[in-house]
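Engineer: The primary structure of each chain is shown beneath.
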Amino acid sequence: MSAMLLIEQALNGLQYGVMLFLMAAGLTLVFGVMGLINLAHGSLYMVGAFACAGVAAVTGNFWLGLAASLAAAAAAGAIVELTVIRRLYARDHLDQVLATFALILVFSEGTRWLFGSFPLYLDIPAALAGPITLPGGIEYPLYRLVLIGIGLAVAAGLFWLIGATRLGVRIRAGEADREMIAALGVDISRLYTIVFALGAALAGLAGALVGALQSVQVGMGEPVLILAFVVIVIGGIGSIKGALVGAILVGLTDTLGRFLLPVAFGTFLPPSEATSIGAALASMLIYILMAGVLVIRPGGLFGRA
Amino acid sequence: MNATKTLLAAAAALVTAGAALAEPIKVGMITTLSGGGASLGIDTRDGFMLAVQQAANPDLTVVIEDDQRKPDVAVQLADKLIQSEKVDVLTGIVWSNLAMAVVPAATAQGKFYLSTNAAPSALAGKGCNPNYFSVSYQNDNLHEAAGAYAATAGITKAFIMAPNYPAGKDSLTGFKRFYEGEVVGEVYTKLGQTDYAGEIAQIRASGADGVFIFLPGGMGISFVKQYADSGVGLPLIGPAFSFDQSIIQAMGDSAVGVLNGANWSPDLDNAANAAFVQAFSAEYGRLPSVYASYGYDTANLLLSAMGTADISDPDAFRAALKAADFDSVRGDFAFGPSNHPVQDLYVREVVRDGDILTNRIVGTAMEDRGNAYEGECKM
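Protein chains in written order, with full-length UniProt numbering: chain A, 1 to 305; chain B, 1 to 379.
Simulated from the structure, these hints should not be mistaken for lab results.
Every residue, glycine too, gets a C-beta built ideally from N, C-alpha and C.
Worth double-checking, as some hints may not be accurate.
Computed footprint of chain A on chain B; a stretch qualifies when at least three of its residues, placed anywhere within it, have a C-beta under 8 Å from a C-beta of chain A [claimed, not checked]: (1) 91-100; (2) 246-252.
DEER-style ranges, computed between Cβ atoms [claimed, not checked]: (3) B:374 with A:94: 49 to 55 Å; (4) A:126 with B:209: 27 to 33 Å; (5) A:153 with B:71: 42 to 48 Å; (6) B:76 with A:63: 31 to 37 Å; (7) B:165 with A:113: 28 to 34 Å; (8) A:161 with B:76: 48 to 54 Å; (9) B:182 with A:297: 46 to 52 Å.
Make a model of the complete structure from these sequences and hints.
Structural biologist: Here's what the structure looks like:
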């Protein structure tokens with residue numbers, strides 16, 4: 001095992017984490033501001049990927065597809081908020097879980113009805129295809145580097161939005177006391193629609209960007225959703241900073257664990273047992289991380305304990 | 001003129017009467033039609049129903065149910081089909097864990113089960129049953145084909161990879177059974193994993209000269225796209241599941257040149273196969289997958305048995321199934337002692353043919369291959 005391989009794996013972990021952040025940011029905003037558990041967040045990720053694949057297939061242009069994914073996911077988010085989610089704010093979490101689980105089924109079968117059961121094709125744009133050589137001689141896919149860049153740029157944009165704009169002030173105020181800001185004359189229901197659509201657009205963006213690397217198929221959002229929940233629990237529910245730190249922690253832990261654990265077990269176990277036990281433990285690692293964080297800080301790293 | 005008409009009418013009446021005398025058969029098909037993996041079940045169903053349509057046998061009725069890829073749902077459906085629909089034959093299950101939940105119970109109740117895909121080792125060895133027939137293969141077969149051929153394809157130092165679940169472990173065992181080269185890396189990935197950057201980095205560092213993967217469905221699509229983009233460029237080989245008709249379109253040109261072990265291919269040269277590929281494409285507007293071919297063969301096997309025996313006499317019907325007197329799209333087809341096929345195994349290559357990607361046979365990996373578990377089957 002060389003230092004190069006370790007650096008490459010760390011980059012992989014960072015890229016994975018940054019993509020998880022795009023999912024987790026929307027989820028944590030919606031939970032923090034509106035107190036809503038949205039299981040259908042993964043469906044919005046799927047909507048983004050399908051919109052991108054569909055538009056890219058027709059126009060032959062990935063970037064148009066990317067724009068379409070943002071628009072489609074934001075629109076789907078706004079429509080869902082206006083028709084379904086709005087009725088759930090006052091109800092308890094179990095009702096929200098039930099209703100948004102139903103939305104997963106509606107989105108999945110609706111997508112299947114529109115696009116069919118077979119996975120769609122979505123490729124990396126030609127300009128970004130293939131590996132480049134980094135200083136130190138590491139060959140690394142250019143597209144993954146671009147993903148890291150986009151993810152960090154979105155994170156910076158979100159911090160600015162929340163911390164330095166009027167909308168951000170309202171979002172933070174809504175998080176602290178929704179009755180009070182309604183009494184101060186802020187249209188709280190419009191604010192909620194905007195926040196929900198923003199979260200949806202981020203999920204759609206993640207779906208489209210990751211869709212180019214993966215399989216665009218019905219049900220692709222749910223595995224990511226589970227990880228996104230782990231991320232916001234680690235980071236502290238409602239905190240964007242927590243989502244970023246949590247996502248990168250999860251990404252690094254998962255990628256490096258998968259790589260290092262079998263190697264570590266291989267030092268004292270026969271190879272086939274080492275790979276199998278190492279792989280099994282690696283898939284539990286992020287949950288162990290989550291449990292560890294919760295023991296030390298029950299509210300998450302940046303949560304209000 | 002009138003006399004002729006009367007005669008014809010009488011003959012027609014006789015034919016109908018004759019048909020009505022034969023024992024009707026009701027088939028219950030349990031397969032995955034929704035959720036992840038639905039494309040496999042849809043192809044199974046479409047292949048099966050194509051043969052049923054072509055035969056237009058009024059004595060055969062088929063009830064189709066969706067198992068949603070959930071073992072508990074499959075068990076409920078099997079109970080319902082057996083208890084209230086009173087089916088004689090069950091078929092259609094795609095996944096081995098679902099088959100293990102349904103098949104032993106169904107055969108214990110005296111029903112026939114014809115497998116269109118899943119054929120776990122437990123049902124080929126100790127758990128074999130005279131009423132259980134696998135028309136497709138035994139699970140290890142396509143991995144064995146890849147392993148037997150890998151050295152021929154110049155892969156002498158293989159990096160092998162599969163998801164960490166029973167079928168994944170069976171896959172790597174199957175590959176190694178006939179592989180003559182050296183295994184330089186063996187990795188189990190998470191089931192359902194979508195990002196393989198970490199594994200690809202390990203492949204690059206391993207010094208391998210070829211890669212064997214068993215990553216069914218979306219996992220394979222993700223891996224192949226990321227692998228192509230990484231520029232590692234070593235030859236890739238796997239079982240047909242990972243590179244079948246229903247998924248290579250989603251991989252695009254990343255998949256071109258990938259080798260895969262199979263027992264069927266759209267270009268397999270025999271009359272039954274040419275007719276099948278043509279009819280399937282005309283009916284459904286897409287090329288058939290291996291799953292569609294297994295569905296089609298299963299229906300034709302059943303129809304051939306119906307032609308010579310009545311289901312009310314299970315022993316005769318079992319013997320008629322075992323005779324496998326039908327034109328398989330795989331060419332030669334026979335059942336071995338444990339009711340699993342004895343068949344030729346091939347290696348295919350993914351090629352671009354105009355606008356679409358498809359598979360073409362590049363060589364024969366093994367001839368008349370049965371399976372590794374026959375010795376354990378006592379029946």
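Engineer: Now tell me if each hint is right for this structure.
Structural biologist: Results of checking the hints against the structure:
1. 91-100: Violated: only 0 residues of the segment 91-100 of chain B have a Cβ under 8 Å from chain A.
2. 246-252: The restraint on the segment 246-252 of chain B holds, since 6 of its residues have a Cβ under 8 Å from chain A and three suffice.
3. B:374 with A:94: 49 to 55 Å: With a Cβ separation near 53 Å, residue 374 of chain B and residue 94 of chain A satisfy 49 to 55 Å, so the hint holds.
4. A:126 with B:209: 27 to 33 Å: 29 Å Cβ-Cβ, so the 27 to 33 Å window holds.
5. A:153 with B:71: 42 to 48 Å: Since residue 153 of chain A and residue 71 of chain B have Cβ atoms about 45 Å apart, the given range 42 to 48 Å holds.
6. B:76 with A:63: 31 to 37 Å: violated, 48 Å
7. B:165 with A:113: 28 to 34 Å: holds, 30 Å
8. A:161 with B:76: 48 to 54 Å: Holds - the Cβ-Cβ distance for residue 161 of chain A and residue 76 of chain B, about 49 Å, lies within 48 to 54 Å.
9. B:182 with A:297: 46 to 52 Å: With a Cβ separation near 48 Å, residue 182 of chain B and residue 297 of chain A satisfy 46 to 52 Å, so the hint holds.
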